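Got chain A sorted already, so can you dock chain B onto it with the hints?
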Amino acid sequence: GIQVEQSPPDLILQEGANSTLRCNFSDSVNNLQWFHQNPWGQLINLFYIPSGTKQNGRLSATTVATERYSLLYISSSQTTDSGVYFCAAPWGGATNKLIFGTGTLLAVQP
Amino acid sequence: DVKVTQSSRYLVKRTGEKVFLECVQDMDHENMFWYRQDPGLGLRLIYFSYDVKMKEKGDIPEGYSVSREKKERFSLILESASTNQTSMYLCASSLSIGSRNEQFFGPGTRLTVL
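Chains A and B, in that order, give the protein sequences.
Whatever position you read off the first sequence (first residue = 1), add 121 for the working numbering.
Take the second sequence: its position 31, counted from the start at 1, is 16 in the working numbering, and no numbers get skipped.
In case anyone wonders, no lab produced these hints; they're calculated from the structure.
The structure presented is a predicted model; accordingly, all values stated were derived computationally and were not measured.
Every residue, glycine too, gets a C-beta built ideally from N, C-alpha and C.
Take the hints with a grain of salt, since some may be wrong.
Unchecked claim - On the chain B side, residues computed to face chain A include the following (Cβ under 7 Å):
hint, residue
1, Gly27
2, Leu28
3, Asn86
4, Gln88
5, Phe90
Isolated chain A, as found in the complex (with noise of 0.2 Å):
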């Protein structure tokens, strides 16, 4: 089956900095998103993606599908920003579950 692989696996950042997350899959996908664990445990859905480029305020994505790998743009970084952010995508088969990469730990101090 597809494997999902993230980096950095943790990442530090000032307040008003940027950073790039980079999400790598090892076959073709149909779908891929992007999620926001907060500190509650509550996965945020940020982007479906499957190839492109989409922007939501100060995130963006990009997945080129050719390529086999996305890319999370966060610009200006907040606090509330803390946190796990996982791309996943799915298995294709019959269960259609979501394959999740070990995500990024991302703490923006103050």
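For chain B alone, coordinates are given in the frame of chain A:
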């Protein structure tokens, strides 16, 4: 907006108890999923359902069962809770496979089994 709710945010149970975790979604999604999340192991699929009364095993179904009597509700049942089922449980829902299959998650239930 899609809303997925779970019956409890935190739950403490004793070994051997029967435990019910409830999940409700309000967007008429066909698919519903139960995952558990553990440090170092990531999210793993326990069971999923693609229609009312239909269920399929995921990667780690042992010790669990599920029920889907209505389209909007998917219950996870721990028949006899054990300490190794202490975990974060996350419910998700999505539209049919083959269409836009973006998954939406509930807030999670942190279950502790003593």
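To see whether the hints hold, each was checked on the structure:
Given the 7 Å rule on beta carbons, the hint for glycine 27 of chain B holds: about 5 Å separates it from the nearest Cβ of chain A. Taking 7 Å as the C-beta cut-off, the interface hint given for leucine 28 of chain B holds, the closest approach to chain A being about 5 Å. Using the Cβ-Cβ criterion of 7 Å, the hint placing asparagine 86 of chain B at the interface with chain A is satisfied: the shortest such distance is roughly 6 Å. The interface hint given for glutamine 88 of chain B is met, as the beta carbon of that residue sits about 6 Å from the closest beta carbon of chain A, less than 7 Å.
Against a cut-off of 7 Å between C-beta atoms, the interface hint on phenylalanine 90 of chain B holds, since the closest Cβ of chain A lies about 4 Å away.
The structure is consistent with each of the numbered hints, conforming to all of them.
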